[in-house]
Amino acid sequence: MVATPEKPQYKVIGTRPIRPDGTDKVIGRAEYGIDVRLPGMLYGRIKRSPYAHAIIKRIDASKALALPGVKAVITHDDFPPPGDTAMTMGEGGVSTARFMLEGIMASKKVLYRGQPVAAVCATDHHIAEDALELIEVEYEPLPVVSDVREAMSDAAPVLHENLRTRDMAPLSQTPSDKPTNIASHLRFARGDVQAGFAAADIVVEREFETSMFHQGYIEPHNGTAFWNRDGKLTVWCSTQGSFSVRANLATLLQIPVSQINVIPMEIGGGFGGKLVVYLEPIAAVFSKITGKPVKMMMTRDEVFEATGPTSGTYIRVKMGAKKDGTLTAAEVYLAYEAGAFPGSPVGAGATCALAPYDIENYVIDGYDVVVNKPKTAAYRAPGAPAAEFAVESVVNEIAKQLDIDPIDLRLKNAAKEGTPRPTGQKFGRIGAVEVMQAMKDHPHYKSEIQGPDRGRGVAMGFWGNVGGERSATAAINPDGTIKLVVGNVDIGGTRAAMAMMLAETLGISAEQVHPHVVGTDDIGATGLTGGSSSAFAIGWTMYELGLELRKKLTERAARIWEVPEDQVTYGDDGVIRGPADAEGKPREMSFKEIAGRLARTGGAISAGLTTQKQGAGPAYGGHIVDVEVDRETGKVTILRYTAVQDVGTAIHPSYVEGQIQGGVAQGVGMALTEEYYWGPDGRMQNASFLDYRMPTTLDLPMIDTVLVEVPNPGHPYGVRGVGEVPIVPPMPAIQAAIADAIGVNLYKAPMSPRVVLEALLDKER
Amino acid sequence: MTERIIITATINDEETQFMADMRDSLLDALRERIGLTGTKEGCNNGNCGACAVIMDGRLVNSCCVMAAEVEGSEITTVEGLAEADGLTPLQEAFLEEAALQCGICTPGFLVASKALLDVNPHPSEHEIRFWLAGNLCRCTGYDKIIRAVQKAAAQRGA
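Just so you know, the protein sequences line up as chains A and B, in that order.
Count along the first sequence from 1, add 953, and you get the number used in the working numbering.
Count along the second sequence from 1, add 13, and you get the number used in the working numbering.
The shape of chain B in the complex, shown without the other chains (with noise of 0.2 Å):
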């Protein structure tokens, strides 16, 4: 039989308390038990950075990370981004750019494009194409992505 544990972590701003299988991913307990279904899972092994979240400042597939693992952590979901009264820049410049058609990997891009932001406020395109090698998206080509995030950057400096 399965072997459960309680673990405690600090998601998306609110200390939260769920109870995990010894064997489930960060992105299993996200989206399993705790119902924060933004994540998505593409692959399951690190290739495609649809899970990607922001754990304790670093950028993150939380399908490589154990939900054991994260006790004592801060971890940002895609459902942590926006403010109670409306969007972040960044998720207005993926509107209004139409840098998604599916939206399957949004969420990843998202967060990913976030935790870049964070720490390079103003990236060059090559910087954020380099940045977001790690996330797959089959729509777009990529293009409206890019020009998303350069937009966001620019009204973040502004």
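Okay, chain A solo, but in the shape it has when bound (with noise of 0.2 Å):
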């Protein structure tokens, strides 16, 4: 670790308790949401579309009605009709409840293999899927576009007849009143970039494309729903978001939130792809109809081609720089699937593509575009990856022309408190050139590489991280102990966070806060835990919550004692102390103690607040990798990887490690073996893990990981955002270890073996 002079001492952050779930996690007993089972428990499928444009001209359910067992089949028609109220879809992803419904279940048309057009629920589960087969769905069906270029050409097929391009960007054109898939067009700029170009000495341009990716949590999707006769709906599932699944649902089913509520399980996973409603709408009708509760689960290939990955983008990147390095101007365009409906992240794409310099002069130019695929979903820094894999790889290959180290480019142009954003805000304290310099000091930068076809490379990324809502109550129990309710969703360890970040504020130890994740009927309005927000919002609450009961426990102090409140004080050991008694004794409480009087001097203490915190601190981390690269067979072998990042403050360490370590992972997939197989049809080739292929053990070595120490100075504690950022250097940075490997820049990711193979050969010809 490398902490700044401006990181304080702490007594429980930064220590590594185990965390409090862990045992239910290693036996077995975690109840995540597949594990429900309701008594008279009924099992939902989906009947999917096998085209992926087409009409849906009739769809015939008697015979799945007539199978035994079978107790409802439903389509669009059983839902109340949508409106155009907007609806958010976390990590500022926003849809319409019309476009969200049809997602959920089609009406006139599909648009993408997989889209659901009817639902079946049985009293069990091969009877369901007996029943899917029964199911009669006649289509007309229609050309398909998958390609983000082709779709934005005036040639290809529409998909939306009533979109039109919502045009964000104050120097364009008017807009267009014809049908078309570019739902929108936003730009950023700054400064003169013809200027910046013509005094460049040298000017890079590239194209890169990347694939979709999929989130790949473990867990399927699933939900279960009982809609009791007082119209009370109570769901159980997996998201990352109670509150979310709560304000969806009450949107498409049309009640009030209050008939609502819901109780997030244990979550196998997320990245982003569990922000939004698939299965629990459907659920809570089919439970409304039958009387029953009603479960419902995807299967591993339902999850690959109906749920939200990430989108496919076509990205050009051109930049100028000086023979001293510095970056004079750039250009980027951005064009980024939304899949079916509007809504892609191009956006954050956008704002984070040259986050990590001060470039005085630039235009971003980002297309939303829609094509025949599922609609996409957040996914770990959505957007970011791709935008800062083209212009990370452009930078190397400036720095590469230049002889310049690629680091030492990288410090020249750093972005450093004060730069502008493309938004407009400044940079406030940000941890980039501390980043860069912890990799120039590393061993594994300073190693040199053995071997034939082995090669390293750099890379940079950036996430600019976001705050939210929390909600907690506290209650001290009298054996000292504290009794915390959250609704925060517990992805990766927040339980541990938060008992720390409250054991800190009160001067007690991590094992004293017990930690409770509520449904929504059970504690006020919580945010969703996505966009890095978790452990720097719900620490703001700790943080709060803890000074509340200290002053009470300090007003209660001074009743026992018989003395002025002014006189007592609450210590950061978790001592109160007031003023000496008669014999000149120091009067001392702690917390424990008084814990165990409170019942006899006034009664328990409890409180309970929300907290709206924003801020959660822009976040770098950058990445070195050495690779090996197989000059027969294409393959390239991780050999060494080091993660750098400022991490503000690391609560748990542990924790902040694994989340390094994981977004390292899932970027090394992004970089050479996920990939989309698309056929001509637009059906998704690969739809399982074997074919998908996500990295295995035998796929990574050991993930060594820096963590810098930058304390966000908009936080009690320090804490930035963390989760997202180790996502976005992977590609960059081993596409830069090829080329060093063996002389080739690939522009394409993944970098799969075909990709390397392929330019191998055009090298040779």
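Hint data in this document are derived by calculation from the structure and do not stem from the laboratory.
Any given hint might turn out to be false.
To give an idea of the interface, some chain A residues facing chain B are shown, with a C-beta separation under 10 Å as derived from the structure [to be verified]:
hint : residue
1    : Arg969
2    : Asp974
3    : Gly975
4    : Val979
5    : His1078
6    : Glu1172
7    : Gly1221
8    : Glu1610
9    : Ser1641
10   : Thr1649
11   : Thr1650
12   : Leu1651
13   : Pro1654
14   : Ile1656
In this text, all values refer to a predicted model and were calculated from it rather than measured experimentally.
Ideal Cβ placement from N, Cα and C applies to all residues, glycine included.
Two chains, two separate frames, one set of hints: put the complex together.
Okay, structure coming up:
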């Protein structure tokens, strides 16, 4: 770890206690959404479109309904007519109720293979599966467009007759009134780009393509619903945000939020993919019709084909530099596939693309484009990996052409406090320079690479991070512990982090805080576990909750001692101190002592509050990777990997390291092996874990992490968002390492064996 | 209508009799018929290892075994690892090394790691990686899982 002088000393923060939910998770008792079992439960399955683009002519469920055990079949018509209400989809994504319902159940037309057209529920999951075959659907297939550039051309089949380009760029032309697949265009600009390129000694321009990538969480989507006779709907599900599920259900089912209780079960991974609802509204409608609890779960191929992966992209980057390495200008063109409905993360891609640098002149154009593919969802730093893959690869080529060390070139142009962001705000205290310096200082970077066809690459990555709303209540138990109740879904160890931050504030041990995650009926409003917000936002809640408890305990101690309140203090060591007594002995009580006396001195103490904090602290990561390329097979092997990251303050360093290592692994998958193979009919050819190749234990080495701690001034404990940054640098770092190894630059991710071999053959020609 | 059969097997050292559908996989039977939900479904076609159990001393993906095949077999699931009075060194090591984040793949990794240490008490890093290559984890990047298995192996040897 690299701590800056700004970092204070803590007692609990920075230690590595066992996570509170750990035992349940290693003995098989933790209850995930898939483990929900209720008396009389029915099982639902979805009938999906075999076509990527088609008109639905007729649906006939009579044979399915005649099968013994089948209880109901529903279609789009069983939902209330949706309006055009805007709906949040997490991480800044916005859609309308109409589009969201189409993705849950198509009405007249299907826009991607796997889109639901009907659903069935039955007494047993085998029967539900049999019934799917008996639902007859007649289609009229339409031409398919599944590539972003083709979709932007005038000749492309149009997905939505009513769609017009929403132009958010002040400088561009008046939008046309023709139907289009370009849902929106945005632009960020600074300075004078032409002058910037004129001042450059070299200009490098490259084109990039990236595949759709799936989040690949191991737990498939699931949801169970029970619609009681009093109109109250209870939903148990696997989600990153119980309150957003509640809000989405209220809009789609047109019932008040107070009628819905969403209980977030343990979640088996999300990475942004579990911010939207797919199954819950269907299970709810089934339960309303049958009066029974209804459970739904996706199969793995359904997860691949019909949930939201990240956008496939086409990107062009042009950058100019002076001989001394100063970057003078940049032009970035981003075209992102939104999938079947508008809403790709191109905006985030645009704000992140150049974020590691302070460049005087640039233009960034972003296009959100609909294609006949599943609607994309958030995926860890949504939009950033593709944009920064392109920019960082060009920066590495510039360094190579100018014969400047790639980290020195970055240090020369690094963004700092005060550097303007594309959105107009200026960066506060950020750690880009500290990260770059720590990369240079690392033994990995100083080591020699030995052996043929081996190379090294570096790259930076950035993510803005967000904050959000969090609620919590804390009750002091007489045994000196705290019952902490939150609505914040714990995906990767936030129970531990929140317990530690409350413990730090109260001067007690992490083990004295017992966190519980509860449903929407049992806690105040709580935002998503997403956008790297959790440790930041819940940390604020813990801090303010801790201060509230300190105040109440101080008052109580004053009453017990019969001294004025202003003479009592709560120490950071968890000891309450008052003025000396008549015999001159200091008055002191530990947290545990006073907890045991509360009942007899005025009653138990508890506190509850909601915080709404922004400014999660933008963060940078820098990765160093060594690879070996097999010239015969095109396979790239990762030999060594080091990930440096400004994490603000590492609350529980093990889980911070884990976030970084996990992000690296996903980034390596994007860089080398993961890919959606599309047939000409718009069908994904590899919808299984066998063929969609996520990294296994054998594909990765140990991943060395360096935690740089530049505390976030916007947080009482200096926390920055950690989870998303590490997925950004792997693609360009590996691209540079391959170039270093075999002298070939690749512009397509994944850089699969085929891409590597084709490039090698091209070079020989 | 679906056909049901009665199966007898020793599950976590307990002779167990249960009724299963002829089409049930062992995974279906464990989760839906017996209520042992610690074993997880990630893919239902043998590619992720989340449903790993030990059957007659062999590591198998329970989604690829039919329930009807387990008549007379001995099966160990994640629920059968810990003793009444505490966790095994492997489970302790997973907690100490922070070898889990979301925890959904953890039962499969624990069962697979136990099966490894049963046949090879002192595996090298490469042997651990080779053995666990059938188990997917999307959260951790595997680093801490490998370290936890190494730690448990060292403790068992001590």
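For each hint, the structure was consulted:
This hint holds: Arg969/A has a C-beta 7 Å from the nearest C-beta of chain B, less than the 10 Å allowed. Hint status for Asp974/A: holds, given a least beta-carbon distance of 8 Å to chain B, under 10 Å. The closest approach between the C-beta of Gly975/A and any C-beta of chain B is roughly 4 Å, which is under the 10 Å cut-off, so the hint is satisfied. The restraint placing Val979/A at the interface with chain B holds, with a minimum CB-CB distance near 4 Å, inside the 10 Å limit.
Checking His1078/A against chain B by beta carbon gives a least distance of about 8 Å; that is within 10 Å, so the hint holds. Evaluation of the Glu1172/A hint against chain B yields a held restraint, the C-beta minimum of about 4 Å falling below 10 Å. Of the supplied interface hints, the one on Gly1221/A holds, with its beta-carbon coming within about 3 Å of a beta-carbon of chain B, less than 10 Å. For the restraint placing Glu1610/A at the interface with chain B, the shortest Cβ-Cβ distance is roughly 8 Å, inside the 10 Å limit, so the hint holds.
The interface hint given for Ser1641/A holds, since its Cβ lies 6 Å from the closest Cβ of chain B, which is under the 10 Å cut-off. The restraint placing Thr1649/A at the interface with chain B holds, with a minimum CB-CB distance near 5 Å, inside the 10 Å limit. The closest approach between the C-beta of Thr1650/A and any C-beta of chain B is roughly 4 Å, which is under the 10 Å cut-off, so the hint is satisfied. The restraint placing Leu1651/A at the interface with chain B holds, with a minimum CB-CB distance near 5 Å, inside the 10 Å limit.
With a cut of 10 Å, the hint placing Pro1654/A at the interface with chain B holds, because the nearest CB-to-CB distance is about 9 Å. Because the closest C-beta pair between Ile1656/A and chain B is about 5 Å apart, less than 10 Å, the hint holds.
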